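Q: Given the coordinates of chain A, assemble chain B with the ligands onto it according to the supplied hints.
Residue numbers (the working numbering), protein chains in the order written: chain A, 1 to 295; chain B, 1001 to 1398.
These aren't lab readings, by the way, just hints derived from the structure by calculation. It cannot be assumed that every hint is accurate.
[Stated by the list, open to error] Computed footprint of chain B on chain A, listed as stretches where at least three residues anywhere in the stretch have a Cβ under 8 Å from a Cβ of chain B:
| no. | stretch |
| --- | --- |
| 1 | 103-117 |
| 2 | 137-150 |
| 3 | 268-280 |
Predicted model only: the values in this text are computed from it and were never measured. We put the CB at the ideal spot given by N, CA and C, even for glycine.
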Amino acid sequence: MSVDRRTALRLIAAGGAAATTTGAVRGDEAPAPPPDAVGLLYDTTKCIGCKTCVVACHEANELPPETREWGDGLYDAPTKLGSRTKNIIKLYRDDQGRESYMKEQCMHCVDPSCAGACMIGALQKREFGIVTWVKDRCIACRYCQVACPFNIPKFEWDARDPRIVKCELCRHLLARGEKPACVRVCPREAVIFGKRDELLAEAKRRIDSEPGRYVPKVYGETDGGGTQVLYVSHIAFEKLGLPDLGDQAPSVRARAVQHGLYQGFVAPAALYVVLGAVVLRNRKRIGNTDEEDDA
Amino acid sequence: MTHVAQPLGGPLLTRGYRVLLGMAGIALLLIAWRFAAGLGAVTGLNDGYPWGIWIAFDVVTGTALACGGYAMALLVYALSRGEYHPLVRPALLTSALGYSIAGVAIAVDVGRPWFIHRIPLRPDLWNLNSALLEVALCVMAYVIVLWIELAPVFLRRWAAGGETGFTRFARAATRGLNRAMPFIIALGILLPTMHQSSLGTVMVLAGPKLHPLWQTTFLPGLFLVSCIGMGFAMVVVESSLAVLAFGRRPETPMLGRLSRAASITVALFLVFRFGDLAVRGQLGALFAAGRYSLLFWLETILFVLPALMFLRATVRRHLGALFGWSCILALAGALYRFDTYLLAFDPGPGWSYFPAAPEILITLGFVAVEVALYVAIVKRFPILGGPSARSGRVEVTA
Ligand code: SF4
Ligand code: SF4
Ligand code: SF4
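Pulled out of the complex, with its shape left as it was, chain A reads as follows (with noise of 0.2 Å):
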């Protein structure tokens, strides 16, 4: 049943050795998903909101717990993304009343926005079509917090040698062959990880098997270019704080501005010479009114 085993298998057998880095995106072209794209399908109708997910997440990430003081005690309980959460449970209520849960995460957009702010490559679409955070690489200069339509790249505010922190999709337990954390714990099966293409196929079968249980779409197949990790949903998606981006990702008309003004650096090397050109005459024409300089 579960197509996130079979493909956590397959992973196994390919030794991660598909190990096929995705060069940056040139132009104004939309990137289709990579071939080995993975990721996670999550159902709200199936979710119990028992937060087993949150608390494996911050296990299998080594990531200290959020600690707040709640009348006289200490708790582990953390109520929204941040540097030390990388996955987090949260309820919404529509107009209806209708109640949802909502696993938020990366979302491992097919053209990342993050990716595409990074200067220098710090976070990339890497295997798999996992985004992915570079130590070595990150200045902190926190673009990509200001890029990432979905608010998810966190950055740990009070260290002295700041990091980005959000879900690489649990990379360190795939390359050894397991499945993320939040999936292999979740005991409703809510959250399932699979192949981009499986997982949307699944999502498709279960919307199209049970009519008028969920809303009819997919979110993150196509939204904001596709995204990685897709979710089906019995209330409307902007009800759950997922943003309506429409189709095309903000990183396509990004670069179409970026490339369309310097063509490969061509038009600021043509600039260049008739810049130079035209101020080594109008300084000849002006004279060289800084008469002291020649004293």
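A: Positioned in the frame of chain A, the structure of chain B with the ligands alone reads:
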């Protein structure tokens, strides 16, 4: 009349100057605290608003206010308006200081500045899709270019004196620089054209988090045109301040003509701004209730008023009026940048940002250092043109 620039002379450590140094000292202590305790300890920044006033003011607005050197170089060298030449050097100095301070502000703002050198030194890691990379590289290069453009001022002073190895070097360097200068000046026009527009491109990637009145693929064009207008305005502001603070002879007619150039730039900006909104079908949002349309109209009024005022001969002949309206124009450009980077940026419900006191004090410290360096340099080096009103060589202009 000649415009031989000369040092102002006079004592350095006045009372006002001590205040500036005190502010810089406080900022320095707070910066030490920031590096010891992390950014969260001294700022109001958070995961929703990861960029605050250090970026929006010190870097994005600060470099635009420091575009006087760029705007004047465009006018004098690209458009061949030689008559403005006396304004170039003081403008270059404020530009060099403004950009250098912005560089320091970036180093304080990023979490791991000890890796900044990798940006210029590791082209193999470059992400050419990142507008911020372009900004970073161009700003670094431009700071160097600005100081090279100013170098003759310092070299000449050091070249004076006996035949030592150092004076010989200073003279040779001056001659070499003079020959290379056209190509350095051309770089000094190219680099701001690139990074001031890229500062706009940076926010294109913020996508839906930036309000549609500001979010447009036209951001680079709007940022570029507005920084030139701000550059002209700041040249007028700084020249008037030099009259006030140092008793320089007013260059009112020249500044009046310059203000007309500012008017033209603003007109261009407004055509782009409204044209873009019309093309994107966002004109309706201008009349929606709420703070965004309010901010937009405030911006627009601040742009329009000085541009109209500069068309009036009475304003152009009056130094005080030129100064006041130029301040307002600079404010307009500053607000446009603040809106784009902070006030019209909304990461979603649950997030808010207000700068913390240490954060503000550090920014004030940066400004103080800038002013202090400016004063010290114009007192000791030949930057400001024209005879001093106090020197007795003045023909007093009405
Ligand atoms: S959700 Fe945000 S952090 Fe995750 S890949 Fe997309 S842009 Fe990057
Ligand atoms: S904070 Fe780090 S990971 Fe994020 S954009 Fe800057 S350098 Fe890249
Ligand atoms: S994949 Fe791993 S890091 Fe990501 S939410 Fe699940 S447990 Fe956390």
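Q: Output the indices of the hints that this structure fails to meet, ascending.
A: none
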